[in-house]
Every structure is written in C-alpha cells, then in structure tokens.
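2 protein chains.
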Amino acid sequence: MRSIDVCLSPDLIHLYPVQESAIVVVDILRATSCMTTAFAHGVESIRPFAKLDECLAMKGNGYFTAGERDGKKVEGFDFGNSPFEYMHDSIKGKRIAFTTTNGTLAIARSEGAKQILIGSFLNLSALTEHLTTIPHNVLVVCAAWKGKVNLEDTLFAGALVEKLKAVAAPSCDAPLMAQRLYRQAKDNMVDYLKESSHVKRLARLNIHKDIEFCLTPDRYTAVPKLMDRELTL
Amino acid sequence: MRSIDVCLSPDLIHLYPVQESAIVVVDILRATSCMTTAFAHGVESIRPFAKLDECLAMKGNGYFTAGERDGKKVEGFDFGNSPFEYMHDSIKGKRIAFTTTNGTLAIARSEGAKQILIGSFLNLSALTEHLTTIPHNVLVVCAAWKGKVNLEDTLFAGALVEKLKAVAAPSCDAPLMAQRLYRQAKDNMVDYLKESSHVKRLARLNIHKDIEFCLTPDRYTAVPKLMDRELTL
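So the sequence lines, in the order shown, correspond to chains A and B. Numbered according to our numbering, the first sequence spans residues 339 to 571. Numbered according to our numbering, the second sequence spans residues 339 to 571.
In case anyone wonders, no lab produced these hints; they're calculated from the structure. A hint or two may mislead.
As the list makes no split between identical chains, a pair holds if one copy fits it or if it spans any two.
What the hints assert, rightly or not - Straight-line distance between alpha carbons at most 27 angstroms, and here's what the computed DSS-like set of lysine-lysine pairs gives:
#, residue 1, residue 2
1, K501, K532
2, K503, K538
3, K484, K503
4, K524, K503
5, K563, K430
6, K484, K452
7, K484, K524
8, K484, K432
9, K397, K430
Let's have the full structure, built from the sequences with the hints guiding it.
Structure representation (structure tokens):
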C-alpha cells in the first residue's frame with residue numbers, strides 16, 4: 339500500500355522525501371481555495387510567487403496580479419485573496435501571477451516533487467480521485483501561518499488521509515493526528531474552527547462568508563497542477 | 339491572562355519567543371519520563387547532552403552515563419532509557435550525563451529561556467502547580483522524533499494546556515490542536531497511542547511496560563529544572 343504523510347508547516351519540509359512524492363499544497367484560508375475557484379471559473383493559468391516584488395513585476399507582462407499580505411489585498415494588485423473575486427466571467431482565459439503570505443511559499447518549498455497539486459475542501463473528492471490513479475506516495479504540505487501550524491490546513495490534511503485510507507496508509511504520527519482531528523471536526527467545521535487563530539484573524543477583517551465558503555467540500559472538480567512553474571488544469 | 343504555546347517539533351523552535359518563556363521540555367517516550375523518575379528516586383543531578391561523544395566523555399569524570407540512540411541503550415553507558423532503570427536505591431546521590439535521540443536535543447534548543455523544566459505525565463500535576471506560581475508565558479517544546487511531530491508528546495502538551503486553562507490561554511492553533519487531541523485520548527491513552535509510530539517502534543523493542551508507565555499521570559512530585567546546564571530539583 340502507498341503511504342500518505344503530512345508536513346504540518348513549510349518549515350518542516352526538509353524532513354520529507356519531496357522528490358519521491360506527489361505533493362498536495364493546501365492553504366484553506368485562502369490561497370488554494372482561491373486557486374481552485376479560479377480554475378473552476380475558467381482561468382487559464384496561475385503562476386505562484388513566494389516573493390511580492392517578483393509577482394508585481396509580472397503586471398502588464400501578460401499577467402494579472404493577485405494575492406495578499408497578512409490577509410489584505412496588495413495595493414496595485416488586480417485581485418485579492420477572496421474566492422468570491424474569482425467567480426466572475428471576467429476571469430476566463432486570464433493568466434494570473436499570485437502571491438500570498440503562506441500558500442505560495444509552500445508551493446515554492448515543494449519544488450522537485452513528482453507532482454504538485456492544489457488542494458482545498460472545494461475540490462476534495464476530485465483531488466482524491468486523481469491521487470488514487472497515480473503511483474506515488476502522497477505528501478500533504480500545509481501552508482500554515484508564517485511557519486506555525488494551523489487548524490484548518492491540518493483538518494484538510496486529515497480529510498484527505500480519511501478519503502485515501504483504502505489506498506494509502508499514514509506513514510507517521512502527523513497524518514494520524516490530522517485524521518483524528520478531522521473526525522472530531524467534520525460534522526461542523528465552521529464551529530470547530532471558531533477558536534482558531536486564523537479564523538479569528540480573518541473575522542477581524544470581516545470575511546465570515548469566505549470562511550464558510552472555503553470549508554465547503556466538493557463544490558468544484560478542478561485539480562490545478564504545477565508544470566514549469568505554472569499552475570494549469 | 340498569560341499564554342501557553344506548543345512547539346510541536348524542535349525544528350520549529352525559531353518561531354517561538356524562547357527567551358521570554360518558561361519552557362517545558364517533553365519527551366514522553368522516554369527521556370523526560372526517565373529524568374522525572376530518576377529525580378523522584380534521589381538522583382543528585384542530570385546533565386543533558388545533545389551529542390553522544392560529549393556525553394560519553396563525562397564518564398569517570400564524576401558522572402555516570404545514560405541514554406539511548408534510536409531507542410537502544412548505548413554501548414559503554416551505565417544506564418539506558420527505561421524508567422525502570424532509575425528506580426533503584428543505587429541511583430541516590432549520583433550525577434548522570436544523559437543523551438537521547440530527541441529529548442536532550444530539545445533541551446539544548448531551549449537554551450536561553452526564563453526557565454527550562456522537565457515535563458512528563460509522571461509529574462503533570464506538580465509541574466502544573468509550579469507553572470501557576472511563576473509569572474512567565476509557558477512554551478511546551480515537544481522532543482518529537484528526529485524533527486517529526488509525535489502523538490505522545492503532543493498529548494502531554496494538550497494535557498498541560500487543559501490543566502493550565504484557568505491561568506494561561508492558548509496563543510495559537512498548536513496548543514488548541516494538542517488540547518483537542520488530549521480530550522479525545524485521555525480516557526484511554528494506551529489504546530489511543532497504539533497506532534502511533536513511536537509506540538510501534540518501541541513495541542518492536544518489547545517495552546510495553548515502559549509505555550504504560552510513561553503514560554501514568556502524577557506518580558511523582560519531582561519537577562527537574564535546568565540551572566547552569568545541569569538539571570536539579
């Protein structure tokens with residue numbers, strides 16, 4: 339049986355066999371939820387950048403710019419980091435340069451993997467289906483918050499461990515922990531996350547609607563994949 | 339209210355305010371459980387070493403040597419890493435140089451903290467009592483396994499978050515996660531840990547008795563504390 343492991347923070351990535359794994363990058367609130375949403379609404383490609391200035395330099399260069407720093411839209415960017423900004427027809431066929439506090443850094447740290455896939459509750463079942471068809475061990479890389487583990491990405495990792503249990507066994511304690519937290523949380527994730535630090539941070543920015551949306555499973559079937567530094571379907 | 343945080347792996351220590359914190363180092367299986375047991379049975383002091391050769395160099399130098407690598411006693415050492423080795427009268431008044439795969443490294447990474455305390459289920463209530471009397475924020479540093487988070491240290495961290503909830507609030511998601519896992523586990527920790535990787539590793543070494551002992555709360559009142567690189571009471 340294949341294995342599934344969970345890297346709870348990009349700062350622990352050195353402990354994992356990146357090059358032998360299919361990596362699922364997850365930043366539930368909100369980078370990978372936005373990316374999933376954008377592809378479901380027809381975006382052509384998204385190029386992730388860990389650094390703000392490199393992202394900004396793409397503006398006009400055939401790319402629209404998008405993302406956030408510390409939860410807030412960046413001045414001069416075309417789009418922010420709310421999934422609701424990526425639901426319009428105007429997104430169709432666009433190429434977007436994207437940077438966020440944590441999510442795009444997690445993608446950068448995953449370079450060299452067999453595959454790099456974008457995960458969110460929004461595409462959970464489609465992603466599961468894709469992962470069952472490939473031969474690699476799975477590594478979920480949680481974006482976390484500036485290196486510190488967070489509850490929402492861990493819950494997603496646990497959901498994926500649970501979904502894949504017939505084909506992939508937890509390879510150490512992190513996937514077990516994630517799975518057990520998910521089982522505890524799954525019937526009411528919004529409530530379960532109320533005390534979490536990032537939800538409290540976002541609540542201060544008034545984006546309850548985003549939180550509920552990002553915790554909705556299986557709204558889309560898009561599974562974005564990184565190829566030559568660019569996410570496409 | 340003071341805060342309590344949990345560093346799930348020594349590889350994440352750079353994210354935490356070590357110098358402003360009272361740090362509790364925990365390596366349930368088995369370093370900090372051994373240390374607690376040794377002090378409860380009259381050891382005079384324990385000097386922790388992250389490196390094996392430095393520990394070995396103390397032999398004859400007024401110190402007995404103790405510890406393990408990868409769960410096994412080191413050749414030439416006086417004591418191994420089972421708490422049952424530290425229960426005899428022969429331990430009384432001894433000074434011990436101690437090194438383990440993870441626990442003593444976690445102590446080394448905690449250097450500079452306001453206080454460095456040794457935590458285990460064996461001294462949980464005594465430790466809680468001590469922590470309520472000091473003014474500092476609390477940081478639990480889990481020894482983990484070669485950098486990877488583990489379930490047993492996380493459960494102990496959760497137990498401490500739960501015990502201290504009247505005086506210290508979780509400062510981010512790691513203490514919340516630990517607390518929720520502990521609540522799920524507390525009624526039968528031995529069972530809860532059966533699938534954990536370190537318990538499976540130790541079970542192969544035939545030390546079920548150690549595991550059950552190390553998960554027993556409040557057997558001792560000793561709270562070892564690091565002063566000038568040496569643990570004493």
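Right, here's what the structure says about each hint:
no. : hint        : verdict
1   : K501 / K532 : both (24 angstroms within a copy, 21 angstroms between copies)
2   : K503 / K538 : between (32 angstroms within a copy, 19 angstroms between copies)
3   : K484 / K503 : between (30 angstroms within a copy, 25 angstroms between copies)
4   : K524 / K503 : both (16 angstroms within a copy, 25 angstroms between copies)
5   : K563 / K430 : within (18 angstroms within a copy, 62 angstroms between copies)
6   : K484 / K452 : both (25 angstroms within a copy, 24 angstroms between copies)
7   : K484 / K524 : within (25 angstroms within a copy, 31 angstroms between copies)
8   : K484 / K432 : neither (29 angstroms within a copy, 44 angstroms between copies)
9   : K397 / K430 : within (17 angstroms within a copy, 71 angstroms between copies)
Going through the hint list in order, the structure does not satisfy hint 8, though it satisfies all others.
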